[in-house]
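Participant: Going by the UniProt record's numbering, the first residue of the sequence shown is number 1, and it counts up by one from there.
No lab work stands behind these hints: they were computed from the structure.
There may be inaccurate statements among the hints.
20 Å max Cα-Cα, derived SDA-like pairs, lysine to any residue [said to hold, decoys possible]:
1) LYS192 / PHE127
2) LYS165 / GLY152
3) LYS192 / VAL131
4) LYS165 / PRO208
5) LYS232 / HIS266
6) LYS232 / ASP274
7) LYS192 / ALA155
Okay, the calculated beta carbon distance ranges per label pair [as the list claims (entries may be wrong)]:
8) GLY326 / GLY94: 26 to 32 Å
9) LEU288 / GLN178: 29 to 35 Å
10) ARG61 / SER158: 39 to 45 Å
11) THR160 / ALA303: 21 to 27 Å
12) PHE292 / GLY263: 37 to 43 Å
13) GLN330 / ALA177: 27 to 33 Å
14) THR160 / PHE127: 18 to 24 Å
15) LYS176 / ASP273: 42 to 48 Å
16) PHE323 / ALA177: 38 to 44 Å
17) PHE127 / ASP265: 32 to 38 Å
18) ALA259 / ASP205: 24 to 30 Å
19) ALA177 / GLU293: 37 to 43 Å
Idealized CB from N, CA, C, for every residue including glycine.
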Amino acid sequence: MLINHYLQLVFEHTIWQRLLLTSATHSLNSILWKIGEVIDSSQEQTAIDTMMGATFDVAMRFLHECPFERLELLRKLVPNIPFQCLLRGANAVGYSNYPDNVVDKFCEVAVKSGMDVFRVFDSLNYFPNLVVGMEAAGKAGGVVEAAISYTGDVADKSRTQYDLKYYLDFAEQLVKAQAHVLAIKDMAGVLKPQAAKLLVTALRDKFPDIPIHIHTHDTAGAGVATMIECAKAGADVVDAAVDSMSGMTSQPSMGAIVASLQGSDHDTGLNLDDISKYSAYWESARRLYGPFECAVTMKSGNADVYKHEIPGGQYTNLQFQAFSLGLGNQFNEVKRMYREANLALGDIIKVGSQHIFSVQTFLNAETFAEKAIFRKKHCRLPPRRRSLEIWLSSWCKITSLARLSWNAQTICLFLQV
Numbered sequence: 001m002l003i004n005h006y007l008q009l010v011f012e013h014t015i016w017q018r019l020l021l022t023s024a025t026h027s028l029n030s031i032l033w034k035i036g037e038v039i040d041s042s043q044e045q046t047a048i049d050t051m052m053g054a055t056f057d058v059a060m061r062f063l064h065e066c067p068f069e070r071l072e073l074l075r076k077l078v079p080n081i082p083f084q085c086l087l088r089g090a091n092a093v094g095y096s097n098y099p100d101n102v103v104d105k106f107c108e109v110a111v112k113s114g115m116d117v118f119r120v121f122d123s124l125n126y127f128p129n130l131v132v133g134m135e136a137a138g139k140a141g142g143v144v145e146a147a148i149s150y151t152g153d154v155a156d157k158s159r160t161q162y163d164l165k166y167y168l169d170f171a172e173q174l175v176k177a178q179a180h181v182l183a184i185k186d187m188a189g190v191l192k193p194q195a196a197k198l199l200v201t202a203l204r205d206k207f208p209d210i211p212i213h214i215h216t217h218d219t220a221g222a223g224v225a226t227m228i229e230c231a232k233a234g235a236d237v238v239d240a241a242v243d244s245m246s247g248m249t250s251q252p253s254m255g256a257i258v259a260s261l262q263g264s265d266h267d268t269g270l271n272l273d274d275i276s277k278y279s280a281y282w283e284s285a286r287r288l289y290g291p292f293e294c295a296v297t298m299k300s301g302n303a304d305v306y307k308h309e310i311p312g313g314q315y316t317n318l319q320f321q322a323f324s325l326g327l328g329n330q331f332n333e334v335k336r337m338y339r340e341a342n343l344a345l346g347d348i349i350k351v352g353s354q355h356i357f358s359v360q361t362f363l364n365a366e367t368f369a370e371k372a373i374f375r376k377k378h379c380r381l382p383p384r385r386r387s388l389e390i391w392l393s394s395w396c397k398i399t400s401l402a403r404l405s406w407n408a409q410t411i412c413l414f415l416q417v
């Protein structure tokens, strides 16, 4: 029933603009709004993104709120608007893999607390991890929005690792796995307008009956143009942020998209005056969080994102970390090292914190490769130990040994294997 209602809601609109409240604020502020601001603003919203990895974490550690109680309260006060969350596949909303039954239970409790739509993704587009989250969300009764993490440039024929065929093939796997909605998650904001047109057109031609949802960040400043091209190419939903919370590492401006599409075949039907009123509310609320603003260290968007491809939500955290480590005047070097680390690791979808470590220790791509080759040649574990470590890693997670800081490696050393 919920799934049919949600799909009907999507298809009844030529393009359905949705306010990404939590994603926008996390990308700009690296914090989570208190529940009062969320409730006060909810009257005007088309949908609310109420829970994802960062917000779940911040609610517990910094706001001292139970994420599920927060969700239940929001659902009670906002009964008629779809809620969406971000699910990291087998990682749920955490930072490491969990047993399948834990992910199943998380989704079950989330749905009971009021969650409707699960945007499920894996940071490396690793299909087995993604399917765990999809199945858990589906069994719980949620709408499964399967997301492909976007990187590269499908309009650049010289970049063949993540070409158009890669995305079409991966999308086919997700559709076969019973995805209700197909999403492109452009977490770094590197989806250019021309590439968006090619990608969305190809997806719409191959999958004419499934809703297509596009998410991007406006780091380079091209987000509005990209979202307009997505609309024209056949996307059903594009993500936008209210004007006063848009731009830079947030989502592109909702007002700009709505105004640009007025009078066209893709007119959203949204009223600019209403958007302005909503924007004014958040402009005043945003002042309360001034000390946490990314604008303290980030003054504008930057097109070098097309080189380093740092995700929007990670960019602000990375910048704060660089400044706190005394690397503020070397942030351009950190971004350059991020790119080198990415290429050294095989141009993967998303890279961790290797770049800051590299700047601190004066590593570069050459020395990184040399150390990797040395380790491969001289530090390979015996087959017996490798298989034992794999088994012990799972075992440690479900025993009290984890609380004693024991892990697979220390146990193997203790056993002298």
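Participant: Each hint should be assessed against the structure and marked as holding or not.
Facilitator: A quick look at each hint next to the structure:
Proximity of LYS192 to PHE127 is assessed by CA-CA distance (about 25 Å); at most 20 Å being required, the pair is judged violated. The straight-line distance between the Cα atoms of LYS165 and GLY152 is roughly 13 Å, inside the 20 Å bound, and the hint therefore holds. The straight-line distance between the Cα atoms of LYS192 and VAL131 is roughly 28 Å, outside the 20 Å bound, and the hint therefore fails. About 17 Å separates the Cα atoms of LYS165 and PRO208, which keeps this hinted pair within 20 Å; it holds.
For the hint linking LYS232 to HIS266, the alpha-carbon distance of about 7 Å falls within 20 Å, and the restraint holds. Between LYS232 and ASP274 the CA atoms are separated by roughly 24 Å; this puts the pair beyond 20 Å, and the hint is violated. Taking the CA atoms of LYS192 and ALA155, the gap is near 8 Å; set against the 20 Å cutoff, the hint holds. Distance hint check: the CB atoms of GLY326 and GLY94 are about 30 Å apart, consistent with the given range 26 to 32 Å.
The hinted range of 29 to 35 Å is not satisfied by LEU288 and GLN178, whose Cβ atoms lie roughly 43 Å apart. Our hint of 39 to 45 Å for ARG61 and SER158 holds, since their Cβ atoms are close to 44 Å apart. Separation of THR160 from ALA303 is about 23 Å and conforms to the stated range, judged on CB atoms against 21 to 27 Å. Our hint of 37 to 43 Å for PHE292 and GLY263 holds, since their Cβ atoms are close to 39 Å apart.
Roughly 43 Å separates the CB atoms of GLN330 and ALA177, a value that falls outside the hinted 27 to 33 Å. At roughly 20 Å, the beta-carbon separation of THR160 and PHE127 lies within the given 18 to 24 Å, and the hint holds. Distance hint check for LYS176 and ASP273: the Cβ-Cβ separation is about 44 Å, which falls inside the suggested range of 42 to 48 Å. The hinted range of 38 to 44 Å is satisfied by PHE323 and ALA177, whose Cβ atoms lie roughly 42 Å apart.
Distance hint check for PHE127 and ASP265: the Cβ-Cβ separation is about 35 Å, which falls inside the suggested range of 32 to 38 Å. Between ALA259 and ASP205, the C-beta spacing of about 29 Å keeps the proposed range 24 to 30 Å intact. The hinted range of 37 to 43 Å is satisfied by ALA177 and GLU293, whose Cβ atoms lie roughly 40 Å apart.
The structure fails to meet hints 1, 3, 6, 9 and 13 from the earlier list, while all remaining hints are met.
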